[in-house]
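Could you put the whole structure together from the sequences, leaning on the hints where they help?
If you read the protein sequences in the order shown, they are chains A and B. Here full-length UniProt numbering is used: the first residue of the first sequence is 1, the next is one more, and so on. Here full-length UniProt numbering is used: the first residue of the second sequence is 1, the next is one more, and so on.
Just so you know, these hints were derived from the structure itself, not from any lab.
Derived coverage of chain A by chain B (criterion: at least 3 residues anywhere in the stretch with Cβ under 8 angstroms from a Cβ of chain B; other residues may be distant):
{"#": "1", "segment": "142-150"}
{"#": "2", "segment": "230-240"}
Non-contacting residues of chain A with respect to chain B, defined by C-beta distances greater than 10 angstroms in every case (computed):
{"#": "3", "residue": "13"}
{"#": "4", "residue": "168"}
{"#": "5", "residue": "198"}
{"#": "6", "residue": "203"}
{"#": "7", "residue": "273"}
{"#": "8", "residue": "361"}
A virtual CB, placed ideally from N, CA and C, is assigned to each residue, including glycine.
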Amino acid sequence: MSTKTPTEADILRPIQNTSKKFFVLFAVCALALGAFLVAWMYQLQQGMIVTGLSDWGSGGGVTWGLYIGAFIWWVGIAHGGIILSAAVRLLGMDRYMPVARLAEMLTLAGLSAAGFYILVHMGRPDRMVTSVLGHYHITVNNSPLVWDVTVITAYFVLTATYLALTLRYDITRLRDQLPDHFSPVYDAMTLGYSEQEDQIIERMVWWLALAIIIMAPLLLHGGVIPWLFAVLPGMPAWFSAVQGPQFLTIALTSAISGVILVAAAFRRAYDWDHIMTDDVFRGLLLWLGFFCLLFLWLQLQQNVVGLFAAPIDTAVAQEATLFHPVYLLSMGLVFGTLVFIFAQTIRPALFTRLRAMIAGVLVLFATLIEKLLFVVEGFMHPTFEIYAATPGEYFPSAIEWLSLLGTIGMVTLFFLVIAKVVPVVELHAIEHLRGDHGHEHEHEPVEESTKKPEVEA
Amino acid sequence: MSTDDESFHPLGEEWENDLEGMLDDTEYDTDLGMEMAEDAMRVTKGELSEADFHEKYHEDVMEEFGEDNRPTQEAYENAQEEAKGTFSSMLEKFEGDGEEPRRDVMKKMGAGAAAVGLGAWATVDDGDQQALAAAQDEDDESGAPGADEGDVQWGMAIDLERCDGCLSCVTACSTENNLDQGVNWMYVLEYEDAGAPSSTSRNRLVRPCQHCTDAPCEKVCPTTARHTRDKDGLVLTDYDVCIGCRYCQVACPYGVNYFQWDEPDVSTDEIADVHGVEPGEQGDHMTSEDDRWVDSRAPRGTMSKCTMCPSRQDGHMGDEAVGTTACEEACPPDAIQFGNMNDSTSDPQAYAGNPSRGRTLAQLNPPSADELEEDLEDADDDLESVIEATDLEEDELALLIAVEITGENMGEGDGDIAEYEEDVQEVLDALSDHGLDLESQELLSQLDLADEPDLAEEGEGDEEGVDTDEEEAGDENGDDENGDDENGDDENGDDEEDEEDEEEEADDEDEEDEDEEEFEPDEEAAQFLLEQFAGTPASNFKLLEDVGTNPNIIYLGNEPGPNAEQTEPTGTGVRYEDLSYERADGESVSLVDNRKDVLDEETVGDAGVSL
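The following block contains the structure:
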């Protein structure tokens with residue numbers, strides 16, 4: 001595809017050059033985040049009444065809405081980033097090495113957005129420390145919400161440690177070309193570095209990756225997040241053992257989509273087509289297709305079980321979901337994406353990077369509205385669905401919608417800033433692409449098959 | 001544990017002394033208990049066979065504990081329940097002795113010996129911790145004062161068939177707690193139930209918080225703000241701790257929670273002012289006995305729900321308000337019975353145990369004993385004269401006597417029902433004092449509460465007498481819940497009774513001579529009279545019992561099915577918007593059935609559509 005050879009200069013370009021477009025994008029994102037921060041201040045001043053939420057029951061509304069839906073969505077996006085990176089390290093999927101660090105950063109950014117949503121959603125966020133930490137030893141035994149906070153925090157710490165450790169290698173070697181005004185940051189990050197540590201760090205990071213790859217499906221999106229809902233017997237729309245696997249597949253689809261979008265943006269901005277090759281995008285797209293398939297498969301399970309001869313409350317809830325336009329739209333988008341991805345594997349000419357990005361956007365949109373509906377539907381069809389004169393009604397308020405723009409702005413800002421401080425592509429990846437590396441390659445069959453068309457092209 | 005420790009128990013001397021102390025606290029022979037415990041340890045070490053152990057103490061145990069039902073038995077059985085794993089493995093060891101059923105042996109061993117002896121055994125089988133826990137449980141159960149009654153658990157019996165939908169409870173609650181509009185801690189709704197079998201009973205539901213024993217809202221709370229009070233089982237929210245995550249509302253299967261989405265209408269100063277104290281002081285209708293802010297409307301950003309009036313239960317509103325709630329007090333037809341669910345004589349339990357009787361008591365309005373005495377001054381002591389001279393009707397008198405006949409513990413307990421019973425008792429005593437023989441068969445038969453006396457002499461009445469005894473035995477077990485069935489039997493006539501009676505004939509002959517003295521009022525007839533007067537509820541249920549929340553509200557009436565749907569307009573006897581309630585700020589506002597109407601006014605960018 002490209003005859004250019006990846007160099008250190010390539011990965012330093014974001015740090016050394018700042019274009020006008022960067023400032024424009026920065027301003028737009030800052031504006032979005034700023035606007036939401038103002039809106040949040042207003043919410044803090046007025047109370048949660050500024051949202052479209054109400055009490056379920058005789059309150060005629062839903063208790064949780066877009067804030068919680070978006071929270072789950074961001075955790076889902078955050079989820080896949082580090083998994084992808086860990087898979088590169090553990091399973092030798094070196095092909096994705098150029099996007100691994102971006103994926104790790106997406107994890108940190110996504111978790112930050114999710115954490116922010118927890119605060120935004122609360123009636124008394126000022127009591128987070130005293131009320132939650134103060135009773136942690138008691139509540140951790142039974143409150144799924146405390147499990148959530150625990151696992152998300154642990155996940156954030158693991159990911160941040162992982163990133164910090166792997167950055168030491170790069171920063172030390174590129175130190176001369178990095179801007180001096182950040183030197184305190186670099187000094188702190190490379191404190192006590194010596195070349196002997198490389199191997200040890202490598203081993204530590206391997207174990208961290210193992211911990212992350214075990215923890216993510218078992219505890220995070222396959223565990224504590226779905227358990228927030230799945231363990232409540234009074235809400236048939238949620239009460240199901242399938243929620244764990246289902247949440248995981250949704251998380252993975254949205255995460256891969258997120259990585260596709262971030263990688264495509266960086267490739268375009270810094271002419272990295274020789275680093276983040278089409279090959280990488282084809283591979284990611286195929287993974288996206290695979291997870292979309294799992295997603296739809298688990299939805300099928302829920303519909304068949306919930307509609308065939310289910311208890312009344314479950315049947316009512318599932319039927320309401322199945323015929324909800326938002327649900328149909330979401331499933332349609334995922335299915336359409338799936339069809340496209342499988343078509344382009346059979347006929348490689350169908351692939352373009354733009355289409356890959358569109359697929360990513362559509363899947364992210366589909367998972368967002370699916371999560372929103374999932375949260376809301378639970379309240380609309382509880383087992384005790386007697387409140388027919390005050391049925392659950394909900395539409396997000398302007399402030400809630402603004403929170404989406406705000407957090408997307410926040411995550412983009414995170415990338416804009418971090419790209420100015422540290423290399424977002426691993427030095428290892430450049431060395432690997434140049435061929436001056438000691439690692440062995442183990443390409444999976446999937447990769448082989450998709451590589452051929454690229455060579456032809 | 002040091003090796004020079006002379007104790008026999010693996011947990012050491014200190015533990016042993018504790019056990020000895022426990023035994024000292026019991027009325028049983030401490031030495032015997034300790035001796036048995038020591039030998040029990042030997043059994044676990046294999047130094048003594050189980051059969052030998054049993055034989056060695058059999059006589060002592062018989063002598064010490066006998067066969068009677070000792071007061072410790074219940075405590076022991078409770079401990080057995082709680083430490084099933086530990087104790088059942090113990091019990092298996094008794095099975096092999098081939099002499100007596102193991103349960104009997106256990107009874108004879110008594111609580112004290114069981115705690116020590118079995119505890120020692122368990123240390124080998126299940127480890128020290130469990131033994132310790134088992135013994136501890138034993139201690140808690142038997143050692144606490146008044147353990148027989150169990151702890152207080154406030155709850156309600158709500159008679160949906162007595163509710164006339166006036167919403168007095170809703171307004172009373174809103175006033176008492178200064179709630180915002182739409183925050184209907186107490187909610188009454190009427191529903192249609194497609195597919196449910198047609199019933200004569202109304203489809204109406206009165207829905208306060210169920211104050212579940214296994215409250216899911218408390219379980220999921222990330223802060224312990226939602227808590228169950230140890231002292232009386234009320235499920236409350238500590239407004240100073242709640243972070244407003246609303247997970248309790250999500251987890252509650254009944255939809256009883258109301259979040260404080262904005263600043264509440266009435267300030268804490270205004271609330272405290274009404275009660276004449278400063279906010280934060282006891283008696284401000286916000287602060288509980290243990291100094292937690294749990295009562296009245298919630299502050300902004302926290303969760304609220306029906307509290308069952310902790311300020312009343314803590315005695316802050318006077319002693320007479322303890323054991324009452326605002327809604328119960330306000331209810332004109334006495335459809336709400338509030339009280340201790342762990343006490344069989346409490347209002348809710350007595351009422352739910354025999355709803356017809358409870359309804360009758362609530363509806364009867366007998367003249368006071370003083371009035372009666374005044375009226376009866378110059379009257380004769382036969383029934384006609386008494387009825388003539390007083391305001392009492394014959395029907396009413398029959399009901400009063402029926403209430404007494406069906407009451408096991410007239411006037412016991414401290415609820416309204418006990419008070420009603422006292423009134424009834426006083427009336428009946430006054431009549432007795434006047435000379436009316438309320439226990440005579442003649443009078444009772446006149447009131448349809450017994451058969452004609454002349455029939456008894458022919459022998460048939462005799463059989464009836466025996467039959468009555470049988471019924472009584474049945475009632476003790478069944479607690480009168482099957483009022484309908486009894487009616488059914490009654491109406492089926494005498495055929496069945498005759499068949500049953502033949503078996504009893506031998507006994508009948510023995511008792512024939514004592515017939516006159518042995519006459520007992522016909523409890524079945526009394527119950528029938530009460531049921532005819534007050535009716536029996538369509539069913540007796542708890543809401544969503546299979547969800548496992550163990551709610552503390554018993555409903556009497558129609559149970560809403562899974563297809564039940566609230567009807568419009570909401571409100572039942574009267575519409576919500578037609579009623580208003582006053583609050584501490586002196587203003588009156590109208591009730592709102594759908595809170596969303598209020599909240600939507602402040603929503604920023606309300607699109608007016610719904611997902």
